[in-house]
Amino acid sequence: MKAILRGNHITVRYGNNTVVNDLSFHLEEGQWLMLAGPNGAGKTTLIEAIAQGVPYTGSIRWENQELCSLKPSQLAQKIGVLSQKNNVGYAYTVEEVVGLGRYAYRSGFFSNADDQGKVLVESALEATGLTNLRHASMLTLSGGETQRVFLAQVFAQNPQILVLDEPANHLDLNYQQQIFSLIREWLKEPGRAVLSVVHDLSLARHYGTHAILMDRGKSIARGAIHEVMTPDNLQQVYGMNVYEWMQKMFSQWQG
Amino acid sequence: MLDSRQLKRERFTPLTYLFLAVALLFTMILCICVGSVSISFSDTITSIWNAVRGVPTPGSITGNIILNVRLPRVLCVSLAGAALSLCGAAMQGLLRNPLADGSTMGVSSGAALGAVIAMAAGFTLPGFSYGGIMVTAMAFAFGSLILILSLAYSLDHSLSTNNIILIGVIFTMFISSIISLIITFASDHTRSLSFWTLGSFSGVNYHQVKLLFIALVICGGILFRFAPELNAFAIGEDNARHVGVNVKRVKLIVLITVSVLIGVCVSISGTISFVGLVMPHIARMLVGPNHKRLLPASLFSGAIFLLLADLTARTILSPIELSIGVVTSLVGAVAFVIIFYRSRKRR
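For the protein sequence lines, the chains are F and Y, in the order given. Those letters in the first sequence? Residues 1 to 255, per our numbering, in order. Those letters in the second sequence? Residues 256 to 602, per our numbering, in order.
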């Protein structure tokens with residue numbers, strides 16, 4: 001299978017500080033690639049580089065096109081980004097925020113005819129369980145609901161690749177499960193792939209198909225999830241016996 | 256089943272615009288009628304109607320007052336109010352900062368400094384009286400905006416915090432002292448300090464009405480065109496980039512447009528504070544934050560507010576005329592505190 005997103009020798013520097021150091025990856029159809037690693041490993045920065053939010057050296061290609069050569073609206077039609085912190089300052093309605101996901105598809109100055117868009121907004125609202133909240137003000141939503149609104153927005157955007165930064169961070173367990181299941185459903189359509197930062201190693205292991213283990217800007221291991229997240233690799237990156245710790249944690253719930 | 260948090264904003268109809276337009280027209284007529292010489296409603300309508308048809312009005316003293324003094328003034332005030340309010344709405348959206356406005360961010364005083372320098376130096380454009388002053392005011396407005404934004408950005412990489420307002424206020428104080436310094440040395444060439452810091456519409460004529468009108472049509476048109484992008488910015492700049500907005504380009508165009516409009520306003524009427532801060536909030540209460548509705552509503556509310564402020568300034572201590580900025584600041588400072596308090600509480 002051919003890679004739909006391929007990064008080669010990506011390096012991001014802030015001043016003298018190298019945050020992402022010569023990292024390469026590739027993402028194929030149907031894959032869910034997890035970026036794992038401790039704080040300061042450069043996971044979010046790598047995602048920002050893919051989203052063209054920070055300057056980088058190296059190359060990130062979608063099929064045969066360099067991402068930085070695409071117009072913002074072209075990029076948005078291929079890659080949808082869900083960031084970690086989303087809070088809205090004004091009383092926009094849920095529907096207005098989700099509808100913004102269709103921005104990249106506006107054809108002309110005064111054209112409102114985006115029939116496919118209306119259908120996609122509708123199904124995104126439904127998939128995320130927000131149909132009843134469509135006219136609610138963003139200022140009245142809880143953290144979990146807000147995150148679902150932005151997930152619905154990125155679904156309405158209908159990209160081929162979802163790039164997610166901690167999509168369920170700080171959410172209650174039921175919302176976590178909800179959001180990860182929604183993304184897994186989304187991934188089932190042909191031609192799609194997901195790349196995400198997930199801090200929780202159990203979640204990463206459960207939902208991911210592939211992984212990159214990062215530490216201080218470098219890629220320590222990459223490949224299929226069970227090859228990357230091995231006791232040895234995790235021990236090296238986190239400086240502790242992660243397997244033993246996880247088992248100890250979960251054993252509390254048994255018996 | 257509907258959630259109880261549904262907004263009732265679907266109630267918004269074109270009727271709201273009709274209501275605003277009627278309110279504006281009524282306010283304009285009121286402002287023409289009331290003044291040091293009171294003119295009856297029917298006289299007002301007759302002389303304007305006659306002038307429109309090109310027929311001279313008998314009893315030409317009131318006709319003269321209406322057509323040459325009050326009408327241009329009322330038109331100027333409403334256009335300036337609409338323009339300032341529009342700029343405020345655009346900046347509050349673009350920077351995602353409910354306290355942003357030409358006056359709180361120091362843009363207006365920057366424009367005033369430009370105008371004062373142009374006047375003191377006698378800088379003019381050939382064939383276009385006022386042109387030199389206006390262009391300098393616009394350039395200085397844009398320069399101040401860039402300076403303040405980059406200072407605020409270098410502080411905490413965000414433009415939605417209150418640092419930007421703090422810098423704007425300090426910048427305004429700094430610029431005011433430079434303006435008063437220049438006026439001290441070149442008072443023959445420029446207008447008084449109180450004109451530049453508090454604003455005034457006394458003595459405006461149709462030439463200025465025309466300039467304001469052209470500026471408002473062009474700049475207003477550009478801002479209306481960018482309503483979807485302003486919505487995206489108001490929701491969040493990162494989110495705007497993620498959905499495909501060309502953030503750098505949009506930001507540059509909106510900031511230039513706002514600077515041009517503020518430059519024109521300031522060179523005609525001095526700095527009038529708080530119109531652009533307060534009126535977009537009132538408009539937002541009426542029609543919600545979506546800029547497709549917010550920008551037109553801000554136009555109307557800004558025009559009405561400034562007309563009433565000008566009327567108060569003209570009549571409350573008659574025959575003494577107050578500076579219009581005295582009235583807008585009295586109202587605006589209170590509103591500023593309320594908005595500030597509410598936006599802090601929300602975090």
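Some hints could be false.
What the hints assert, rightly or not - Output of the computed footprint for chain Y on chain F, the stretches with three or more beta carbons under 8 Å from beta carbons of chain Y: (1) 72-78; (2) 198-207.
Unchecked claim - Listed next, with one range per pair, are the computed distances between beta-carbon atoms: (3) Y/ILE537 - F/GLU185: 42 to 48 Å; (4) F/TRP253 - Y/LEU421: 48 to 54 Å; (5) Y/MET540 - F/ARG216: 17 to 23 Å; (6) F/HIS170 - Y/ALA590: 31 to 37 Å; (7) F/GLY191 - Y/ILE473: 43 to 49 Å; (8) F/GLN236 - Y/ARG480: 50 to 56 Å; (9) Y/ASN417 - F/LYS188: 26 to 32 Å; (10) F/SER73 - Y/PRO574: 57 to 63 Å.
Note that these hints are calculated values from the structure, not bench results. We put the CB at the ideal spot given by N, CA and C, even for glycine.
Verification of the supplied hints:
Counting residues of the region 72-78 of chain F whose C-beta sits closer than 8 Å to any C-beta of chain Y gives 6, which meets the bar of three, so the coverage hint holds. Chain Y is given as covering the region 198-207 of chain F, and this is violated because 0 residues of the stretch bring a CB closer than 8 Å to a CB of that chain, at least three being needed. Taken as a hint, the range 42 to 48 Å holds for the pair Y/ILE537 and F/GLU185, whose Cβ atoms sit roughly 44 Å apart. Checked against the given bound of 48 to 54 Å, the beta carbons of F/TRP253 and Y/LEU421, roughly 51 Å apart, stay inside it.
Range check, Y/MET540 to F/ARG216: about 50 Å between beta-carbon atoms, so the 17 to 23 Å window is missed. At about 35 Å, the CB distance of F/HIS170 to Y/ALA590 agrees with the hint of 31 to 37 Å. Distance hint check for F/GLY191 and Y/ILE473: the Cβ-Cβ separation is about 45 Å, which falls inside the suggested range of 43 to 49 Å. The hinted range of 50 to 56 Å is satisfied by F/GLN236 and Y/ARG480, whose Cβ atoms lie roughly 55 Å apart.
Under the hint 26 to 32 Å, the C-beta atoms of Y/ASN417 and F/LYS188, about 46 Å apart, miss the expected range. One distance hint, 57 to 63 Å for the beta-carbon pair F/SER73 and Y/PRO574, holds here, with the actual separation near 59 Å.
Taken one by one, the earlier hints fail for this structure at numbers 2, 5 and 9, listed in ascending order.
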